[in-house]
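Throw the hints in and build the complete structure from the sequences for me.
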Amino acid sequence: MSGPNVPAEAGPPTSLIEARDVALSFGRTPALRGARLSVAAGEILAIMGPSGSGKSTLLHCLAGILTPDAGEIWFDGRRVDTMGETERSTLRRDRFGFVFQFGQLVPELTAEENVALPLLLGGSRRAAALKEARTWFERLGLDGLEERRSGELSGGQAQRIALARGLVAHPEILFADEPTGSLDSLAGEQVMDLLVAAAREQGTTVIVVTHEPRVAAYADREVIVRDGKVSSFSDAGVGA
Amino acid sequence: MSVPLTLLGLLEREPSHGYDLKRDYDAFFGRGKPLPFGQVYATLGRLARDGKVVVGESETGAGPERKRYVITEQGATEFEAWLAEPVEAQPHLQTTLFAKVVLALMLGRDAERYLDAQRAAHLRRMRELTEIKRTGGLVDALLADHGLFHLESDLRWIDLTAARLDALAEAVRS
Numbered sequence: 000m001s002g003p004n005v006p007a008e009a010g011p012p013t014s015l016i017e018a019r020d021v022a023l024s025f026g027r028t029p030a031l032r033g034a035r036l037s038v039a040a041g042e043i044l045a046i047m048g049p050s051g052s053g054k055s056t057l058l059h060c061l062a063g064i065l066t067p068d069a070g071e072i073w074f075d076g077r078r079v080d081t082m083g084e085t086e087r088s089t090l091r092r093d094r095f096g097f098v099f100q101f102g103q104l105v106p107e108l109t110a111e112e113n114v115a116l117p118l119l120l121g122g123s124r125r126a127a128a129l130k131e132a133r134t135w136f137e138r139l140g141l142d143g144l145e146e147r148r149s150g151e152l153s154g155g156q157a158q159r160i161a162l163a164r165g166l167v168a169h170p171e172i173l174f175a176d177e178p179t180g181s182l183d184s185l186a187g188e189q190v191m192d193l194l195v196a197a198a199r200e201q202g203t204t205v206i207v208v209t210h211e212p213r214v215a216a217y218a219d220r221e222v223i224v225r226d227g228k229v230s231s232f233s234d235a236g237v238g239a
Numbered sequence: 000m001s002v003p004l005t006l007l008g009l010l011e012r013e014p015s016h017g018y019d020l021k022r023d024y025d026a027f028f029g030r031g032k033p034l035p036f037g038q039v040y041a042t043l044g045r046l047a048r049d050g051k052v053v054v055g056e057s058e059t060g061a062g063p064e065r066k067r068y069v070i071t072e073q074g075a076t077e078f079e080a081w082l083a084e085p086v087e088a089q090p091h092l093q094t095t096l097f098a099k100v101v102l103a104l105m106l107g108r109d110a111e112r113y114l115d116a117q118r119a120a121h122l123r124r125m126r127e128l129t130e131i132k133r134t135g136g137l138v139d140a141l142l143a144d145h146g147l148f149h150l151e152s153d154l155r156w157i158d159l160t161a162a163r164l165d166a167l168a169e170a171v172r173s
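From first to last, the protein sequence lines stand for chains P and W. Numbering of the first sequence is given in numbering that gives the first Met the number 0, commencing with residue 0 and proceeding in unit increments. Numbering of the second sequence is given in numbering that gives the first Met the number 0, commencing with residue 0 and proceeding in unit increments.
Mixed in with the good hints, there may be bad ones.
Stated by the list, open to error - Distance windows between CB atoms, simulated:
| id | chain 1 | residue 1 | chain 2 | residue 2 | range |
| --- | --- | --- | --- | --- | --- |
| 1 | W | Arg155 | P | Thr28 | 21 to 29 angstroms |
| 2 | W | Arg112 | P | Glu107 | 45 to 53 angstroms |
| 3 | W | Met105 | P | Phe25 | 37 to 45 angstroms |
Said to hold, decoys possible - Quick look at which bits of chain W chain P covers, simulated, 3 or more residues with Cβ under 8 angstroms:
| id | region |
| --- | --- |
| 4 | 122–129 |
| 5 | 149–155 |
As the list claims (entries may be wrong) - Every beta carbon over 12 angstroms from chain W, so not counted as near; a handful from chain P, in silico:
| id | residue |
| --- | --- |
| 6 | Asp20 |
| 7 | Ala22 |
| 8 | Gly48 |
| 9 | Ile64 |
| 10 | Glu84 |
| 11 | Arg87 |
| 12 | Asp93 |
| 13 | Phe99 |
| 14 | Val105 |
| 15 | Thr134 |
| 16 | Gly154 |
| 17 | Gln156 |
| 18 | Ser181 |
| 19 | Ala186 |
| 20 | Ile223 |
If you are wondering where the hints come from, they were derived from the structure by calculation, not from laboratory data. Just so we're clear, the structure is a prediction, and the values are computed from it rather than from any experiment. Positions of the beta carbon are idealized from the N, C-alpha and C atoms, including for glycine.
Rendered as structure tokens:
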């Protein structure tokens, strides 16, 4: 790390992404009030907490989707919260992957086109992107579904497609917001099994927001967000 | 777990030697706590005394004499009745967890911190069980799931209690 963006107090050397005293309000409602969190490269972290505690807001700040009112977000030695929108979009496209609760597949595209989307947006040629996308279908037990559209998929299948899309570009961090929230226990378990196996295999750091302990149990560690702050208890290295 | 009834269940499958019963018990139900041979034979002895199993013909070979145990009609009836009976749904109204929270609130201690510690301990155990599921066979997964769902229900109680701590503190101090 060098240049004007070097933090005054550098985090642990293995820290890949970090939130420093992040605060954000929606109107008069504070969502985050000085949240601090540090995630190491290759780590799988679960962010837990009650509804409305600020856990999804923290995830969105870390991912550069939301801009905090105060505090700093650092990723790989670069300050994210002060970046311009174009730079942040590039960061999200090239180095981050995302999985959301309801998959959010593009309904007009086939399953394989959905998976290939991050590669296409990153400038890959269509044939190469689709070839790479297809390798994920066998890997995630989705053989035969390549041509289907989202309306022709079960919830569990759609979420596995979304997972493939989140990982296809080999992101450094996968942000997952309630990735099993719309699935039954067995389908949710399959998604988490595949998510953890794939992330470990390609060394992807995972930050998963969940209110489900069974999902959090797949992570290396968990933190609790309460009243807009990260609980220091279950993570001795961070928090107030 | 009832060892006699579990052994009866294994015998309901097929007549077996004590050694085979121990091997199958350990494989499916032992989970790191194997059944001592002494307990296997003592249990089979009691089941035979009570008419629930009979000892078949001894088999002699190069090794020690081996007895084959066979379940009786009485034993099979008892096993079927046990199998059909739902396990008592224990309400766990007097758990240590509950007592600690109430006492912490009564004494003005940091109940939230205690709940956080308990949540962390539960999640640690859930991580271990999840790893067993991910790396073990289907029977391991079945057993791990049983533990996971119980721990999860405790965690729901912990979260709900944490959300109500202020009101609970008032209630126990009034």
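Least C-beta distance from isoleucine 64/P to chain W larger than 12 angstroms
27 angstroms, holds
Is the hinted range of 21 to 29 angstroms satisfied by the C-beta distance from arginine 155/W to threonine 28/P?
Since the Cβ atoms of arginine 155/W and threonine 28/P sit about 26 angstroms apart, the hinted range of 21 to 29 angstroms holds.
Can you take a look at whether the region 149–155 of chain W is actually covered by chain P? Rule is 3+ residues, C-beta closer than 8 angstroms.
holds (count 3)
Does glutamine 156/P clear chain W by more than 12 angstroms, comparing its Cβ with all Cβ atoms of that chain?
21 angstroms, holds
Minimum Cβ separation between alanine 186/P and chain W greater than 12 angstroms?
Fine: 15 angstroms to the nearest Cβ keeps alanine 186/P off the interface.
Say whether it holds or is violated: glutamate 84/P keeps its Cβ farther than 12 angstroms from all Cβ of chain W.
Nearest chain W Cβ is 37 angstroms from glutamate 84/P, so the label holds.
Exclusion check [isoleucine 223/P not at the chain W interface, CB over 12 angstroms]:
Label violated. Min Cβ-Cβ 7 angstroms, cutoff 12 angstroms.
Is the hinted range of 37 to 45 angstroms satisfied by the C-beta distance from methionine 105/W to phenylalanine 25/P?
Once the Cβ atoms are compared, 38 angstroms apart, the range 37 to 45 angstroms for phenylalanine 25/P and methionine 105/W holds.
Holds or violated: the 45 to 53 angstroms window for the beta-carbon distance between arginine 112/W and glutamate 107/P?
51 angstroms, holds
Outside-interface status for glycine 48/P - nearest CB in chain W farther than 12 angstroms
9 angstroms, violated
Run the C-beta distances from arginine 87/P to all of chain W and say if the shortest one exceeds 12 angstroms.
Correct as stated: the minimum Cβ-Cβ distance to chain W is 33 angstroms, above 12 angstroms.
Verify the coverage statement for the region 122–129 of chain W against chain P, using a C-beta to C-beta distance below 8 angstroms and requiring 3 or more qualifying residues.
Result for this restraint: holds, n = 5.
Hints 8, 20 from the earlier list are contradicted by this structure; the remaining hints agree with it.
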